[in-house]
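Enquirer: Work out the full structure, taking the sequences as your base and the hints as a guide.
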Amino acid sequence: EWNCKEKLHWEVLQMPFHQKLQNCIYALNHFYLKHPALYEDDFTKKGWEWTHSKDETNAVLAFLRKSKEETLLCLHHFSPEQLDHYLVPLKGAKKAQELFTTDSQEYGGSGVLNPEINIEKEGLRLSLPPLCTLIITTG
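Note that this note's numbering has the sequence shown beginning at 283, numbered continuously upward.
Possibly wrong hints are sitting among the right ones.
[Claimed, not checked] Calculated pairs, EDC-like style, for lysine to aspartate or glutamate (alpha carbon to alpha carbon, straight line, at most 16 Å): (1) K328 to E293; (2) K377 to E398; (3) K377 to D337; (4) K373 to E322; (5) K376 to E404; (6) K336 to E352; (7) K316 to E352; (8) K377 to E338; (9) K376 to E351; (10) K328 to E352; (11) K376 to E398; (12) K302 to E388; (13) K350 to E322; (14) K376 to E338; (15) K373 to E402; (16) K350 to D324; (17) K350 to E331; (18) K328 to E288; (19) K376 to E402; (20) K350 to E388; (21) K316 to E351; (22) K373 to E404.
Derived by calculation from the structure, the hints in this document are not laboratory data.
Expert: Encoded structure:
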(Lines of atoms letter the chains of each structure in order from A and count residues from 1; the text may use other names and numbers.)
(Lines give C-alpha, C1' and ligand atoms only; values in the text may rest on other atoms or scores of the structure.)
Protein backbone atom coordinates (compact mmCIF):
# COMPACT_ATOMS: atom_id res chain seq x y z
CA GLU A 1 0.00 0.00 0.00
CA TRP A 2 1.21 3.50 -0.83
CA ASN A 3 2.53 5.58 2.04
CA CYS A 4 3.40 9.24 1.45
CA LYS A 5 6.22 8.98 4.01
CA GLU A 6 8.04 6.20 2.17
CA LYS A 7 9.62 5.88 -1.25
CA LEU A 8 7.70 4.10 -3.96
CA HIS A 9 8.26 0.35 -4.11
CA TRP A 10 9.32 0.17 -7.76
CA GLU A 11 10.59 -3.37 -7.31
CA VAL A 12 7.00 -4.67 -7.40
CA LEU A 13 7.06 -4.01 -11.15
CA GLN A 14 9.21 -7.14 -11.43
CA MET A 15 6.13 -9.15 -10.45
CA PRO A 16 3.94 -10.20 -13.44
CA PHE A 17 0.66 -8.93 -11.98
CA HIS A 18 2.11 -5.48 -11.35
CA GLN A 19 3.68 -5.38 -14.83
CA LYS A 20 0.28 -6.15 -16.35
CA LEU A 21 -1.41 -3.46 -14.31
CA GLN A 22 1.24 -0.97 -15.41
CA ASN A 23 0.60 -2.01 -19.05
CA CYS A 24 -3.12 -1.40 -18.55
CA ILE A 25 -2.59 2.10 -17.17
CA TYR A 26 -0.15 2.89 -19.99
CA ALA A 27 -2.67 1.74 -22.62
CA LEU A 28 -5.55 3.55 -20.93
CA ASN A 29 -3.59 6.82 -20.83
CA HIS A 30 -2.84 6.54 -24.55
CA PHE A 31 -6.46 5.62 -25.30
CA TYR A 32 -7.59 8.71 -23.37
CA LEU A 33 -5.37 10.97 -25.45
CA LYS A 34 -6.77 9.55 -28.72
CA HIS A 35 -10.44 9.96 -27.77
CA PRO A 36 -11.62 13.54 -27.22
CA ALA A 37 -15.01 12.29 -25.99
CA LEU A 38 -13.27 11.42 -22.72
CA TYR A 39 -12.16 14.99 -22.05
CA GLU A 40 -13.51 17.50 -24.57
CA ASP A 41 -16.70 18.53 -22.71
CA ASP A 42 -15.71 17.69 -19.16
CA PHE A 43 -17.46 20.69 -17.69
CA THR A 44 -20.73 20.70 -19.61
CA LYS A 45 -23.79 18.47 -19.57
CA LYS A 46 -23.49 17.82 -23.30
CA GLY A 47 -20.28 15.80 -22.80
CA TRP A 48 -21.67 13.27 -20.32
CA GLU A 49 -24.89 11.29 -19.81
CA TRP A 50 -25.95 8.49 -17.45
CA THR A 51 -27.32 5.49 -19.33
CA HIS A 52 -27.40 2.78 -16.69
CA SER A 53 -27.03 3.48 -12.98
CA LYS A 54 -29.69 1.36 -11.27
CA ASP A 55 -28.29 -2.18 -11.42
CA GLU A 56 -27.13 -2.66 -7.85
CA THR A 57 -27.80 -6.42 -8.06
CA ASN A 58 -25.12 -6.96 -10.71
CA ALA A 59 -22.96 -3.99 -9.68
CA VAL A 60 -23.00 -2.42 -13.15
CA LEU A 61 -23.10 1.21 -14.19
CA ALA A 62 -22.65 2.95 -17.52
CA PHE A 63 -22.46 6.43 -18.95
CA LEU A 64 -21.84 8.08 -22.29
CA ARG A 65 -18.97 10.42 -23.02
CA LYS A 66 -19.58 12.62 -26.04
CA SER A 67 -17.64 14.86 -28.37
CA LYS A 68 -18.22 16.26 -31.84
CA GLU A 69 -16.40 13.27 -33.35
CA GLU A 70 -17.64 10.33 -31.29
CA THR A 71 -19.80 8.90 -28.54
CA LEU A 72 -18.30 6.35 -26.16
CA LEU A 73 -20.15 4.07 -23.78
CA CYS A 74 -18.13 3.57 -20.58
CA LEU A 75 -19.35 0.42 -18.88
CA HIS A 76 -18.14 -0.64 -15.43
CA HIS A 77 -18.75 -4.00 -13.77
CA PHE A 78 -17.80 -4.23 -10.09
CA SER A 79 -18.59 -7.86 -9.24
CA PRO A 80 -16.40 -10.99 -9.59
CA GLU A 81 -19.07 -12.81 -11.64
CA GLN A 82 -19.09 -12.93 -15.44
CA LEU A 83 -22.41 -11.81 -16.91
CA ASP A 84 -23.21 -13.34 -20.30
CA HIS A 85 -25.92 -11.90 -22.55
CA TYR A 86 -26.15 -8.78 -20.39
CA LEU A 87 -28.45 -6.05 -21.73
CA VAL A 88 -27.14 -2.51 -21.40
CA PRO A 89 -30.05 -0.11 -21.89
CA LEU A 90 -29.12 2.30 -24.67
CA LYS A 91 -31.42 3.79 -27.27
CA GLY A 92 -30.38 4.87 -30.74
CA ALA A 93 -27.09 3.02 -31.09
CA LYS A 94 -26.23 2.59 -34.77
CA LYS A 95 -23.14 0.48 -34.20
CA ALA A 96 -21.30 -0.96 -31.26
CA GLN A 97 -17.65 -1.96 -31.12
CA GLU A 98 -15.54 -2.70 -28.08
CA LEU A 99 -12.51 -0.39 -28.22
CA PHE A 100 -10.94 -1.02 -24.81
CA THR A 101 -11.31 -3.57 -22.04
CA THR A 102 -9.44 -3.88 -18.79
CA ASP A 103 -10.20 -7.61 -18.96
CA SER A 104 -7.55 -8.27 -21.60
CA GLN A 105 -5.16 -11.06 -20.63
CA GLU A 106 -2.37 -8.62 -21.45
CA TYR A 107 -3.56 -6.61 -18.42
CA GLY A 108 -4.10 -9.59 -16.11
CA GLY A 109 -7.77 -10.11 -16.96
CA SER A 110 -9.63 -13.26 -17.92
CA GLY A 111 -9.63 -12.40 -21.63
CA VAL A 112 -13.40 -12.21 -22.20
CA LEU A 113 -13.82 -10.07 -25.31
CA ASN A 114 -16.83 -8.87 -27.29
CA PRO A 115 -15.85 -9.13 -30.96
CA GLU A 116 -19.54 -8.72 -31.83
CA ILE A 117 -22.05 -6.76 -29.80
CA ASN A 118 -25.72 -7.28 -30.60
CA ILE A 119 -27.76 -4.13 -31.04
CA GLU A 120 -31.35 -4.63 -29.91
CA LYS A 121 -34.30 -2.27 -29.62
CA GLU A 122 -33.73 -1.93 -25.86
CA GLY A 123 -29.94 -1.60 -26.00
CA LEU A 124 -26.73 -3.57 -26.40
CA ARG A 125 -26.37 -7.24 -25.54
CA LEU A 126 -22.87 -8.39 -24.60
CA SER A 127 -20.72 -10.34 -22.16
CA LEU A 128 -19.49 -8.50 -19.10
CA PRO A 129 -16.26 -9.91 -17.71
CA PRO A 130 -15.73 -9.82 -13.96
CA LEU A 131 -14.34 -6.65 -12.39
CA CYS A 132 -13.86 -4.75 -15.62
CA THR A 133 -14.29 -1.56 -17.56
CA LEU A 134 -15.31 -1.65 -21.21
CA ILE A 135 -15.28 1.30 -23.56
CA ILE A 136 -17.52 0.90 -26.59
CA THR A 137 -18.05 3.19 -29.55
CA THR A 138 -21.74 3.59 -30.28
CA GLY A 139 -21.66 5.77 -33.42
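Enquirer: Compare the structure with each hint and give your call.
Expert: Against the structure, the hints come out as follows:
1. K328 to E293: 43 Å, violated
2. K377 to E398: 10 Å, holds
3. K377 to D337: 24 Å, violated
4. K373 to E322: The hint is violated at about 23 Å.
5. K376 to E404: Distance of about 12 Å is within 16 Å: holds.
6. K336 to E352: 25 Å, violated
7. K316 to E352: 11 Å, holds
8. K377 to E338: Violated: K377 and E338 sit about 27 Å apart, past 16 Å.
9. K376 to E351: 15 Å, holds
10. K328 to E352: 12 Å, holds
11. K376 to E398: Satisfied, since the Cα-Cα distance of roughly 13 Å is no more than 16 Å.
12. K302 to E388: 6 Å, holds
13. K350 to E322: Holds - the C-alpha atoms of E322 and K350 are around 9 Å apart, at most 16 Å.
14. K376 to E338: Given that 16 Å is the threshold and the Cα spacing comes to 27 Å, the pair is violated.
15. K373 to E402: Holds, at roughly 9 Å.
16. K350 to D324: It holds: about 13 Å lies between the C-alpha atoms, which stays within 16 Å.
17. K350 to E331: 15 Å, holds
18. K328 to E288: Cα-Cα ~42 Å, so violated.
19. K376 to E402: 10 Å, holds
20. K350 to E388: 31 Å, violated
21. K316 to E351: 11 Å, holds
22. K373 to E404: Between K373 and E404 the Cα gap is close to 6 Å, so the pair holds against 16 Å.
Hint compliance for this structure: hints 1, 3, 4, 6, 8, 14, 18 and 20 are not met, and every other hint is.
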